[in-house]
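> Once you have looked at the hints, place chains B, C and D on chain A.
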Amino acid sequence: MSISAKGVDFSYQTGSPVLQDFTMDLRRGECILMVGRNGAGKSTFLKLLNGILKPTKGEIYINGRNTATTPTSELAGHVAVTFQNPGDQIFSPTVRKEILFGPRNLRRENAEELTDRALTLLGLVSKASRHPYDLLPAERKLLTIASAVAMDTPLLAFDEPTGGLSQYEREIISNGLRQLKTDGRSFFIVTHDLDFFLPLATQVLVLSSGRVAYSAPAAELVRNAHLLRKYGVTLPLTTRLLRLLEIDSKS
Amino acid sequence: MRFGTASKFSFSFALALLAFFLPWQVSLSFMPVIVLLEIFLSPFRPLSAGAHKKFLQFIGYLTFLGVLIVGMNGLLLKSGEVVLRLLWFNIYDGGIEFGLNVASRLLLLSSAILLFFVSTPIKMLADFLGHIGLSKKIVTIILLATFYLDQLPQRITQVFWAQEARGAPVRSNILQRLKSFFSILAPLTLSSLVESVDRGMALQLRGFQGYASLSQPRDLQDLKTAFLIVFSSLLALLSYLIWK
Amino acid sequence: MIQSVKDQIRREMSGAALPLIAFSMALNLSVGQITGALKIPVYLDSLGTVLSAVLLGPWAAVVAGCLSNVLAAALGNPTMMFFLPPMIAIGVFTGIVARAGWFRKSSLCILGGVIQGLLAAGLSAPISAHLFAGTTMGGADFLVVFFRSHGYSIFESVLFQGLLMDPVDKVITYLVVFSLTRNLPGRLVTRFPGASHLSTSGE
Amino acid sequence: MEITLDRFSFHYAPSQQDVVSGITMGIPKGSCCAVLGPTGAGKTTLLLAISGALAAHYSSGVGEGEIAIGPKVFRPMPDKILFPEVGLALQESHLMISGLHETVRGEVGFSLENIGTDTKVKEEKIVLAMENVGILHLAERNPFMLSGGELQRVVLAALLAVQPAVLLLDEPSNSLDAEATAMLVRILRGLHKNTTVVFSDHQLDLAILVADRFLVLQDGEMVFFGEKKPFLKNLEQFKGFLPVDQWSKVIPQLSRKHAPHIRLLSRLLEIR
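Residue numbers (this note's numbering), protein chains in the order written: chain A, 1 to 251; chain B, 1 to 244; chain C, 1 to 203; chain D, 1 to 272.
The shape of chain A in the complex, shown without the other chains (with noise of 0.2 Å):
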């Protein structure tokens, strides 16, 4: 599995470009981390993965597969992209039949064993008859993470998976990429929660208006927490903290 971009510029108006000459490469079993400030293109670069979008210049080749050329319900069959609103896609009137949606679409002959391979990963067993809305919101983000896990796609691609999730939660998302990555899956998530991702990351690019600004493996990026600060990204409260302390008891 991979994905490769070259070059890629990308604008919903001509003149304003979202992105610009933007270029990666990620190969199996890979992590990679995108960080940035809102709007710099972050969320745009999702859609362009799996056609969604097709790009203004450049080209992005997802497992060899042209984007540009493959339509969005055969690139979902090798990327599985998930957006930041649940309520977007949430339908069904049980979080096992919203999950089993997307391997349906697919025609995956072992749906149901994926579905339920899915709702034990993120830990929704117990919800599985439920109304998805009668769940709690951090629920419900668990879900569309299931929704993209059952589609059986050697790649994953996240928006802010983490967002408004507490600890709880977050812990359950570590533990079942962990687990998806010894499978051989790979991973493109974009988030601000680097301190959560960090472990889990192979490379790290930074991107500001539009362009790759930093790009490197993740063991790197600690040392160079100043870069970060730069395009808006900030280390938790209590690691500041502690490295104030630190710079206060050696003066």
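Think of the hints as simulated: they come from the structure by calculation, not from any bench. Positions of the beta carbon are idealized from the N, C-alpha and C atoms, including for glycine. Wrong hints could be hidden among the right ones.
Result set (DSS-like, lysine-lysine): computed pairs, CA atoms no more than 27 Å apart in a straight line [what the hints assert, rightly or not]:
no.	chain 1	residue 1	chain 2	residue 2
1	B	179	A	127
2	B	179	C	39
3	B	123	D	122
4	C	39	A	47
5	D	228	D	249
6	A	97	C	105
Chain B regions said to be covered by chain A (calculated; three or more residues, Cβ under 8 Å) [claimed, not checked]:
no.	region
7	152-163
8	183-190
Derived DEER-like restraints, expressed as beta-carbon distance ranges [claimed, not checked]:
no.	chain 1	residue 1	chain 2	residue 2	range
9	B	124	A	116	56 to 66 Å
10	D	16	B	45	57 to 67 Å
11	D	22	B	171	39 to 49 Å
12	B	124	C	107	45 to 55 Å
13	B	242	C	155	26 to 36 Å
14	D	60	A	226	48 to 58 Å
15	A	2	B	171	20 to 30 Å
16	C	175	B	172	18 to 28 Å
17	D	228	A	37	32 to 42 Å
18	C	126	B	2	36 to 46 Å
19	B	178	A	39	36 to 46 Å
Chains B, C and D in isolation, oriented as in the chain A frame:
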């Protein structure tokens, strides 16, 4: 004398009323007047260049519709004498006469209504409805509806994308597309229902009860003008009917 | 009697219900965007009215229906102002049959949709015959021409066309609303005055 | 106004189990209480109950115990929304924006309009409230064009404009970046001493920076209620459902070296 929303409304209303009684020649001669009013008289000036374009487009559409009505009735309503022979079709003058009456009435009626709306922002319309005695709730509903109308196209696109990303067959055969219709409409409606009850609660949390007094007092001058317009047009109509 | 009607109106039009009525209006006017994008040949332009009739009741639906036609006129289609009577009929009729529990069963919804369609056709025929002489430049005009060329009057032709087309559209509308409201989440059920007349999965 | 809850319990439908159960606490006038707990602990339900919206909007719900707000005692809870004495900001700020006004100024004035404030007084109060939360520069902007943090401040200004005696905020720090959080801390600290604040959170940052009372909930049960010192002392006890790991590293160092550590935290917020 002030020419406000109420006067504008009664002017349009009077025109619409006249449309039912006047012969087609008179009705049609009102049309250029309406267009001139829209372009030159400040109370009827459209809200934006876009609104003006829409106004002209609709007048164009109505004119085309009118020609269609005249032609269709000339062809299908076989009364009176044949005035024209087109290939193997006969056009009758009785049909043409009838078509002209219907078309001119429709044209005047619609453009009179349009003249009012093209120059009245929805907020002003809502205020006006409040002033003529409709409850504050109706006013609030209209304002909320414009709010939802602004949001829906964007929301529909988002849902469309989200379901397409899950492999929904949005470009397949008609049966599949009908199924997709539900998988797009349902998330939209379900999330909006949840949102709407919470928004209703939020309105009350901000103290909204639906019977607070309106912020602006009635414009008496405007109402006087409105009354004058309605009165004089009724008088004109009455004398026309007697004379006829 | 009058007191109970007043109570009913107050219940259906409580401050908490206003956003839903407003959304229904917007849905009436926007559903064309979805059917257009999917290229499905139906109008469904009373979907919102029917939805609010089922969830809130007839009064709320009449308000939603009438105001959405006014709004459509304000947004550039004044001819919508002439079609208030069928909209009122849709609101009242749907509100009444929903309260009688017709939205619990798909078969009753089909029946309701057919009756609704006939009713709407009967009410809009005189309007579109008298004001438009049967011409609307819509896709169904060829039917009117067909009937008229076979010697039927304008009114008859418009009526026949409506009787043929409207029931189909309204049956689809009813079935869509039936599916939408069949399995409402438990936490919504208690918050709509009309929801007790639905069969729901509610806990 | 002070707020007292006495063995307050609630569930949404007769057959369901309690969402909050046996909550007893007292918040003195002018103090700031943080309601902490993981998702589903009953935080939102508790705030809705105090505001009056719970009884008014969930007619099938069943409550027990009593809630007292100032001199008024409600058994089991207020049955109508207590605006303008009590102001509640829902978690999703965009829902709180009425959508009836095209400018922030109009939106802030909406609540005042609803309680029938005189036009001239209204204008003054609007400006004052906007100044208070630092959004004067946004006055003529469309509320729906604002960022999440800005929107939240508009809601706060709209509530503060009516000067509620009790201010309830549901997860105000959710999805706020560091800058916006710092602003929120400043606003809450600068509140008039007569305003009693109760806010919920699943994180600790905001609570430790501004609250003087702490209520910890888990599955609707009260795990802890008390002042700051005992709360910080018992921090380890909440491991597993509150993100205490980092803070329990920080706090011992703070108490050893930086006695008035609140000043240090403020400094931190300024320098980011």
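> Each hint: holds or not?
Hint check:
Of the pairs offered as hints, the one joining residue 179/B and residue 127/A holds, with about 26 Å between alpha carbons and a cut-off of 27 Å not exceeded. With a CA separation close to 12 Å, the supplied pair residue 179/B and residue 39/C stays within the 27 Å bound. A hinted pair counts as satisfied when its Cα atoms are at most 27 Å apart, and residue 123/B with residue 122/D qualifies at roughly 21 Å. Note on residue 39/C and residue 47/A: the hinted pairing holds, with a Cα-Cα distance of about 23 Å set against a maximum of 27 Å.
A threshold of 27 Å between alpha carbons decides the hint, and for residue 228/D with residue 249/D the separation of about 17 Å falls inside it, so the pair holds. Pair hint residue 97/A plus residue 105/C holds up; C-alpha atoms about 21 Å apart against a cutoff of 27 Å. With 6 residues having a Cβ less than 8 Å from any Cβ of chain A, the region 152-163 of chain B passes the three-residue criterion, so the hint holds. Only when three residues or more bring their CB closer than 8 Å to a CB of chain A does the claim for the region 183-190 of chain B stand; here the count is 4, and the claim holds.
One distance hint, 56 to 66 Å for the beta-carbon pair residue 124/B and residue 116/A, holds here, with the actual separation near 58 Å. At roughly 59 Å, the beta-carbon separation of residue 16/D and residue 45/B lies within the given 57 to 67 Å, and the hint holds. With their beta carbons about 56 Å apart, residue 22/D and residue 171/B fall outside the hinted range of 39 to 49 Å. Between residue 124/B and residue 107/C the Cβ separation comes to about 47 Å, which falls inside the hinted range of 45 to 55 Å.
Checked against the hint of 26 to 36 Å, the pair residue 242/B and residue 155/C passes, with Cβ atoms roughly 31 Å apart. A hinted range of 48 to 58 Å holds for the C-beta pair residue 60/D and residue 226/A, which are about 55 Å apart. A hinted range of 20 to 30 Å holds for the C-beta pair residue 2/A and residue 171/B, which are about 26 Å apart. Between residue 175/C and residue 172/B the CB atoms are about 20 Å apart, so this pair conforms to the stated range of 18 to 28 Å.
Range check, residue 228/D to residue 37/A: about 34 Å between beta-carbon atoms, so the 32 to 42 Å window is met. With their beta carbons about 39 Å apart, residue 126/C and residue 2/B fall inside the hinted range of 36 to 46 Å. For the hinted restraint 36 to 46 Å between residue 178/B and residue 39/A, the CB-CB distance of approximately 37 Å keeps it satisfied.
When each numbered hint is compared with the structure, a violation occurs for hint 11 only.
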